[in-house]
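> The residues making up each chain are set out below.
There are 2 protein chains.
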Amino acid sequence: MTAASGMEWLKSVKGVILDMCGVLYDSGEGGGQAIPGSIEAVKRLMASGLTVRFCTNETQNTREQFVQRLRVMGFDISVSHVFSPAPALVRIIRERRLRPHLLVHDGLTAEFEGVDTRLTAEFEGVDTSNPNCVVIGDAADKFSYQNLNEAFRVLIGQEKPLLFSLGRGRYYKETDGLKLDVGVFMKALEYAGDVQAEVVGKPSADFFGTVLKDMSLQPHEVVMIGDDLVNDVGGAQSCGMKGIQVRTGKYRPSDEQHASVRADAYVDDLAAAAHAILTVH
Amino acid sequence: MTAASGMEWLKSVKGVILDMCGVLYDSGEGGGQAIPGSIEAVKRLMASGLTVRFCTNETQNTREQFVQRLRVMGFDISVSHVFSPAPALVRIIRERRLRPHLLVHDGLTAEFEGVDTRLTAEFEGVDTSNPNCVVIGDAADKFSYQNLNEAFRVLIGQEKPLLFSLGRGRYYKETDGLKLDVGVFMKALEYAGDVQAEVVGKPSADFFGTVLKDMSLQPHEVVMIGDDLVNDVGGAQSCGMKGIQVRTGKYRPSDEQHASVRADAYVDDLAAAAHAILTVH
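If you're matching them up, the sequences are chains X and B in order. Note that our numbering has the first sequence beginning at 340, numbered continuously upward. Note that our numbering has the second sequence beginning at 340, numbered continuously upward.
In isolation and in its complexed conformation, chain X is listed as follows:
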């Protein structure tokens, strides 16, 4: 597409939220590699005066570890500008004074150290050896029958079972093939425990709301750029934002004929998106 043809609405945009995997980089061996033009595009967007934030459903690493990996690839990104499900859930857990049973990736557990269930329980006066909710992330190999049974028993033991899922993805691609994502095990535990999970992360409106609050912008002033039509573009649109889908990452041509979600624009990659945005600013 030509730079800003049909994208005059970009003039009212004051902020940009960028999805990360599939927009900034492709995951793969050694942590993945930057998508051509994306490092420069991020740099230009940040230098333009627009408010830029990053929004990912990554739950295999702590935010710090994750940002560190992107820095190695060449991105100049600050941890405080990255929004991922785990810190958002930690806030919820603190607010509601819950005692979580965690079924998450080993790499992620550090993110929860600040929550320390023992600490919460002392504060609440309730025994910590007695979790009252279940949190699942993309636990990968830790999704064993034994660990799923354990999580299920916590759920079924509650009068009102409470299940949090860090995202609702079906699967993702790694160098050695497709891998089941957290949403699959969310569905499993939902059925087992007769419970509807609370999803933290995209496309949750609460999650996008936290990012918008941090940007001090109204939804109509912000555009989300992602490769996932439903969770990035559709999720952002449901909150009143605009949504651009890039033709990189998990993008498939059939996305442009999707039954219910239509992006405000489809562009080849982040470089093209940045060019279109900066042309009108």
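Accuracy of the hints is not assured; some may be wrong.
If several chains are the same, the list does not tell them apart, and a pair holds so long as it fits within one copy or across any two.
In silico SDA-like cross-links for lysine to any residue, where the CA-CA straight-line distance does not exceed 20 Å [what the hints assert, rightly or not]: (1) K518 / Y484; (2) K481 / K518; (3) K382 / I416; (4) K589 / D533; (5) K518 / S483; (6) K481 / R492; (7) K481 / Y511; (8) K589 / G371; (9) K518 / N486; (10) K353 / L556; (11) K481 / R392; (12) K499 / S593; (13) K589 / C360.
Hints listed in this document are in silico derivations from the structure and should not be mistaken for laboratory results.
Assemble chain B onto chain X, guided by the hints.
Frame of chain X, contents of chain B only:
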């Protein structure tokens, strides 16, 4: 309840289908133990001239192994009178000339020996290393992340994914606690592969139909006795049979106020059910 009060409909009954676990025996250490009065009740029903069949969703053992266990408990049951999901699925696989990828309990694999996927594929002229459907049973510990990924990749590799599930149970009770049942992993793979599983076993109408055919009886001539309100009683009723729920096994008092399924009678145990039936015959 008194013997046959309000159960005059029993007069037209010519056959009885008995659920097994929770009706005949309770599972547990050493294979479980007979529920008091059930051995004698089975004996009396079979001696009465009624046609008696057994219908289970057991998929952790072959039918032969399973019946052997019941004989040890004291039940005089013939293998040919027991209907379980695996042999029913083997028939489907043979009829449709499918090449299954099996994710089933180790104890069950023998049941599929007759199907030998190599044989089917030779017959079809298609390579057996290339399965075109997935079969899941109550695989228990074999439901690892790796095995689930493998099954998922078979599904996602098909133009029209085909998933068979041996039952759709949520969980069951063993001596060391509640265990996730096959239905939970069916839901997981359904979501991952964007597919609706074909359930073989109760409450499938095809499955009950096979039993009725073997009994040479019409649905309205048969009563199903089970401890599972939805899969036993509701499933049988959907096929035009009557359904009695026993207050043993997984029965819970709340079953008698279920939103959508109402048994034709609730009785304390199999002995009471047999007494009511035999009183009018």
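> Decide, hint by hint, whether the structure agrees.
Status of each hint after checking the structure:
no.: 1; hint: K518 / Y484; verdict: both (17 Å within a copy, 9 Å between copies)
no.: 2; hint: K481 / K518; verdict: both (13 Å within a copy, 17 Å between copies)
no.: 3; hint: K382 / I416; verdict: within (9 Å within a copy, 76 Å between copies)
no.: 4; hint: K589 / D533; verdict: between (31 Å within a copy, 16 Å between copies)
no.: 5; hint: K518 / S483; verdict: both (14 Å within a copy, 13 Å between copies)
no.: 6; hint: K481 / R492; verdict: both (16 Å within a copy, 19 Å between copies)
no.: 7; hint: K481 / Y511; verdict: within (16 Å within a copy, 22 Å between copies)
no.: 8; hint: K589 / G371; verdict: within (14 Å within a copy, 50 Å between copies)
no.: 9; hint: K518 / N486; verdict: both (18 Å within a copy, 11 Å between copies)
no.: 10; hint: K353 / L556; verdict: within (8 Å within a copy, 73 Å between copies)
no.: 11; hint: K481 / R392; verdict: neither (31 Å within a copy, 42 Å between copies)
no.: 12; hint: K499 / S593; verdict: between (40 Å within a copy, 17 Å between copies)
no.: 13; hint: K589 / C360; verdict: within (9 Å within a copy, 46 Å between copies)
Of the numbered hints stated above, the single one contradicted by the structure is hint 11.
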